[in-house]
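Engineer: Sequence:
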Amino acid sequence: MGNQVVGEIVFFSVVIPTYNRKPILEKCLRALEKQNVQGYEIVLVDDGSTDGTLEWLEAHKEEFPHVKSFLQDHAGPSAARNLGVEKALGDTIIFIDSDLVVLENFLQAHADALTQGQKELGSDNFFTYGAVINTANFDNPTAEPYKITDFSAAFFATGNVAIAKHWLEEAGLFDTGFQLYGWEDLELGVRLKKLGLKLIKCPAAVGYHWHPAFNLEQIPNLIDKEIQRGRMGVLFYQKHPTWEVRMMIQMTLLHRLLWGVLSLNGALNERTMAPFLQWLINQGKPQLALEIARIFLNWYNVKGVYQAYAESK
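The numbering of the sequence shown is the numbering used here, which starts it at 1 and goes up by one.
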């Protein structure tokens, strides 16, 4: 499927897994087609979408000369990214998510950081990590300013990262055992770190990560995601039983005490806090409401981790 630009040497392969994200994916792909560099392809892997994603792409293929699309049965983002890497022609893979909208200098910024890193280190044993700005502005996602809550301490996260393809293959690609939500990219990051790879920040390569503004209807899904993340966190820890991973997945007494105290041992929950959260949303502060909701969301996560760990023994 798709139509690759004929005769163009491919340096970058932008790998994007997608699942039922058509409205924002349209913006994602249009932004990538406007890049001010040559020599790139967009490898889109549809993870069994049911919203007409590939039909839409086929109907608009003239608009997307850089896009190659592939379809797989719904198997999750790990399998989709692995297929994307396998099909990629470029020596450098750039991972972004299908709800990320970038600026015209996005690929150039990664290219500059990769060139600089190669000069400084004298090798390619590093990857570049761009900035991700969260936004609920669908009409104009790239208008969002950077906020303190956009900071990420992750070593390797697939929202916006560029890496030599051979390192991914050497590390063994993504573990498809991570079937539920969370941790598959950070787990690969642990293996990349063991291979001696370094992280080079690339703040000029900005991606605007769109998600709808927080409302109370989202809470059951957010709770479910935290419980899933807890289960996948235990899988992460079983593969890499280190203190660092315990801290990442919140499987420590410190986290248990912290979120237990902050949530008053679960007394502050989705039911008791709903009126206050709704009041904040009505005041035009949905982001603040979400940050406060994280008190009980994290408590669900910590409980999920410990429950999954007890079941795994």
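One thing to keep in mind: the hints can contain errors.
Said to hold, decoys possible - Below, computed lysine-lysine pairings styled on DSS-like, alpha-carbon distance capped at 30 angstroms:
1) 225 with 194
2) 147 with 201
3) 34 with 147
4) 285 with 147
5) 198 with 239
6) 165 with 239
7) 239 with 87
8) 34 with 165
9) 87 with 147
10) 87 with 201
Because the hints were derived from the structure by calculation, they are not lab data.
Engineer: Next, verify each hint and record whether it holds.
Structural biologist: To see whether the hints hold, each was checked on the structure:
no., hint, in the structure
1, 225 with 194, "holds (29 angstroms)"
2, 147 with 201, "holds (17 angstroms)"
3, 34 with 147, "holds (26 angstroms)"
4, 285 with 147, "holds (14 angstroms)"
5, 198 with 239, "holds (21 angstroms)"
6, 165 with 239, "holds (23 angstroms)"
7, 239 with 87, "holds (27 angstroms)"
8, 34 with 165, "holds (24 angstroms)"
9, 87 with 147, "violated (36 angstroms)"
10, 87 with 201, "holds (27 angstroms)"
Comparing the model with each numbered hint stated earlier shows that hint 9 is the single one that does not hold.
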